[in-house]
Amino acid sequence: GESVGLHLPTLSVQEGDNSIINCAYSNSASDYFIWYKQESGKGPQFIIDIRSNMDKRQGQRVTVLLNKTVKHLSLQIAATQPGDSAVYFCAESLDTGRRALTFGSGTRLQVQP
Amino acid sequence: DAGVIQSPRHEVTEMGQEVTLRCKPISGHNSLFWYRQTMMRGLELLIYFNNNVPIDDSGMPEDRFSAKMPNASFSTLKIQPSEPRDSAVYFCASSLLTGAFFGQGTRLTVV
Chain A
1 GESVGLHLPT
11 LSVQEGDNSI
21 INCAYSNSAS
31 DYFIWYKQES
41 GKGPQFIIDI
51 RSNMDKRQGQ
61 RVTVLLNKTV
71 KHLSLQIAAT
81 QPGDSAVYFC
91 AESLDTGRRA
101 LTFGSGTRLQ
111 VQP
Chain B
114 DAGVIQSPRH
124 EVTEMGQEVT
134 LRCKPISGHN
144 SLFWYRQTMM
154 RGLELLIYFN
164 NNVPIDDSGM
174 PEDRFSAKMP
184 NASFSTLKIQ
194 PSEPRDSAVY
204 FCASSLLTGA
214 FFGQGTRLTV
224 V
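So the protein lines, in turn, are chains A and B.
Numbering follows the numbering used here, with no gaps: position 48 of the first sequence is 48.
Numbering follows the numbering used here, with no gaps: position 47 of the second sequence is 160.
Excised from the complex, chain A in its bound form (with noise of 0.2 Å):
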């Protein structure tokens, strides 16, 4: 029979709307977050990190926020175009890059165009 997977949310903009991704991050100690970018049949490709010293970074297009007393994270895209239809995941971190990631469950981004 048909095995039943992960149930992703999924987020649906307009073209040119911005978007906003959250995630719930497990673990207080965590103190290195990641957003990765995973198009079909591709590997998860980085997008933006932030450390726990920071509550807001920015790069192209995109803003992550953190806020540690809630354990919360978010990605906001803006203008997003069909180019960022893709699944999005959250990962936390103890130590940068020398401790493993631990990913969320992802969310599915849908452009309409």
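Hints in this document: simulated from the structure, not taken from any laboratory.
Since the model is a prediction, treat every value here as computed from it, not as a measurement.
Among the clues, some could well be false.
What the hints assert, rightly or not - Pair ranges (Cβ atoms, derived): (1) B/Asn-184 to A/Ser-52: 28 to 36 Å; (2) A/Ser-105 to B/Asn-165: 26 to 34 Å; (3) B/Glu-127 to A/Lys-68: 47 to 55 Å; (4) B/Gln-193 to A/Lys-42: 23 to 31 Å; (5) B/Asn-164 to A/Asn-27: 18 to 26 Å; (6) B/Pro-167 to A/Gln-112: 39 to 47 Å; (7) B/Asn-165 to A/Lys-56: 32 to 40 Å; (8) A/Lys-56 to B/Ile-168: 28 to 36 Å; (9) B/Thr-189 to A/Met-54: 34 to 42 Å.
Claimed, not checked - Here's a subset of chain B near chain A, in silico, CB distances under 8 Å, partners left out: (10) Phe-146; (11) Tyr-161; (12) Thr-211; (13) Ala-213.
The C-beta atom is built at its ideal place from N, Cα and C for all residues, glycine as well.
Guided by the hints, dock chain B onto chain A, whose structure is given.
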């Protein structure tokens, strides 16, 4: 840099056969990770190495799985014997001071 290189991209094998997945990390990176991705369980860490030394292999499912890193530019993940439940996409990733960079993965199908 070509990024993390994995081979093969696709592997179909019969149950009971040995499977070897290969990874070449980004030059200069000193941490290497093996992850497995399935619909049921998402992305799971299997094992990771720092400076070629295995640090945490608690994610390796059972003794049928083994991983080696003989030098800084090469790692293997071996499954012997393979079983249908091992079917998944296996990713290798490497890092230095920031987050890990992933390869394109090996899609393994065990029939």
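Consistency of the hints with the structure:
1. B/Asn-184 to A/Ser-52: 28 to 36 Å: holds, 34 Å
2. A/Ser-105 to B/Asn-165: 26 to 34 Å: Hint holds: Cβ distance 31 Å, inside 26 to 34 Å.
3. B/Glu-127 to A/Lys-68: 47 to 55 Å: holds, 49 Å
4. B/Gln-193 to A/Lys-42: 23 to 31 Å: holds, 28 Å
5. B/Asn-164 to A/Asn-27: 18 to 26 Å: Distance hint for B/Asn-164, A/Asn-27 holds at roughly 25 Å.
6. B/Pro-167 to A/Gln-112: 39 to 47 Å: For B/Pro-167 and A/Gln-112 the Cβ distance comes to about 46 Å; the hint holds.
7. B/Asn-165 to A/Lys-56: 32 to 40 Å: This hint holds: roughly 37 Å between Cβ atoms.
8. A/Lys-56 to B/Ile-168: 28 to 36 Å: holds, 31 Å
9. B/Thr-189 to A/Met-54: 34 to 42 Å: holds, 37 Å
10. Phe-146: holds, 6 Å
11. Tyr-161: holds, 5 Å
12. Thr-211: holds, 6 Å
13. Ala-213: holds, 6 Å
In this structure, none of the earlier numbered hints is contradicted; all agree with it.
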